[in-house]
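Sequences and hints are given; from them, build the entire structure.
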Amino acid sequence: MHNLAGILTDTVARFPERTALKLDDTVISYAALDAMSAKVAGFLASRGVQPGDRVALVMPNIPQMAFLYYGTLRQGAVVVPMNPLLKAREVAYHLEDSGARIVFAWEGVAAEVAAGAEEAGGVDVVSVDSGAFLQLLAGADARPDVAEVDDQDTAVILYTSGTTGRPKGAALTHRNLLTNAYVAQSLLNTVETDVHFGGLPFFHVFGQTAALNSSVLSGASISLLPRFDAGKALEIIERDGVTIFEGVPTMYVGMLRHPSVRTTDLSSLRGAITGGSAMPLEILHEFEEVFGIELLEGYGLSETAPIVSFNVPGGDRRAGSIGKPVAGTEVRMLDPDGNDVPSGEVGELSVRGDGVMKGYWRNDDATAAAIPDGWFRTGDLARFDEDGNIFIVDRKKDIILRGGYNVYPREIEEVLYEHPAVAEAAVVGIPDPLHGEEIVAVVGLREGAEPADDAAREQLIADIQQFTKDRLAAYKYPRRIELTDALPKGPTGKILKREIKVSAPLAAEAPGA
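Here full-length UniProt numbering is used: position 117 in the sequence shown is 117, and no number is missing along the way.
Don't take each hint at face value.
[Stated by the list, open to error] In silico lysine-lysine, BS3-like type, Cα no more than 27 Å apart, as pairs: (1) K324 - K358; (2) K469 - K501; (3) K232 - K22.
Bear in mind the hints are in silico, worked out from the structure with no lab data behind them.
Here is the structure:
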């Protein structure tokens, strides 16, 4: 094993002129990706970034993201990828918690990131565009060597949700990510002639491992889509001859509902995988009918780099199963005391293996709770069938999974409590045909804040929703606010979310909403 950046230098030695990245008319060869990452390493060194220092990246899937990702690793530093939809207060938390020395921000979100960086104590911010940023790198001394690291050195810190309301940084090692890249490559037999769809965000572990790292490992190409749009995705498949499509269920739903799906040439596709949230069986069957290929479902988490289990191509799939454990990974179903439950019975899905993180960044208590005995407790309840296939039954953690993103209710509740009219709040998820789950906030009002009539009630609901939209990333804010006289509570005064009833299901939103 070696530095994760070594997959790039190994590949450029074999396929220097092959296309590594494509964004519409912009084409980046492996030689160019290698050269730009070397420039990034030199630039970081000039800013005093040393091996082990944290470097935050806040941008969508653009070529610069790959330059910075491999350049940071090349320098021996730690990548801290962040969602460009985060607001300033969220950015500040990520920067403070990780101790990032510098943050690179796409020009479209640079102002929000700068505000967060200032709140975090004045973290150095570099704006990333297509012109001035490249000129900035051009002036840096290239560092073609790759820093030597230990297998267990942290390569990437991915912030993930939890029941505490504050994201925790999953510290993934070079070994975690390398072994999982090899797993992703082998599951679909990826070779240098393949073209991956690059619409899964690289700040998310699924896109980072299954698309970016596995593609670079193989010498394949990635056709980038910075923000998912179903029509554009179909256009990319036909235009660039995409052979492997990685996506979350909402992407597949969006493409199936797009009017051009049946007139698009999809013949180049040979493989498609899904994860992030449960794939409805009717959507899976419809996709396979329309696209003419298998849609393979897997399971993973940020803490497992991510792939834990997978349905292999041509295998004996079971409806609703997330497959079997992948190579280098063991799975057990445990009861609350850490004992195995009998096959067929439900227990907490627990994982040990090459992909499991070294721990939560600077959070020994959370690490000990999650990995008390060498087995990572996922918080998901599942069972094995008689052939060893895994079926997820429910989630133990109080998490809403919207469109492939984990949303933790307490973070939203904390924002709601800041509103002057709100006395108490609970955020819950309800089933949604497009996003898997949708976010609903049930709110009790302060005395004197009760609306006088229906018009005032609707205005207050709109005001509360806008309040959350201004303070939370777009995928987090509640799509519905319901007002109530009082939330159900237990004997200790704890709000009982399981007793909260919401009204009718929400209407489906368009993909990307």
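List of violated hint numbers, smallest to largest:
Per hint list: zero violations.
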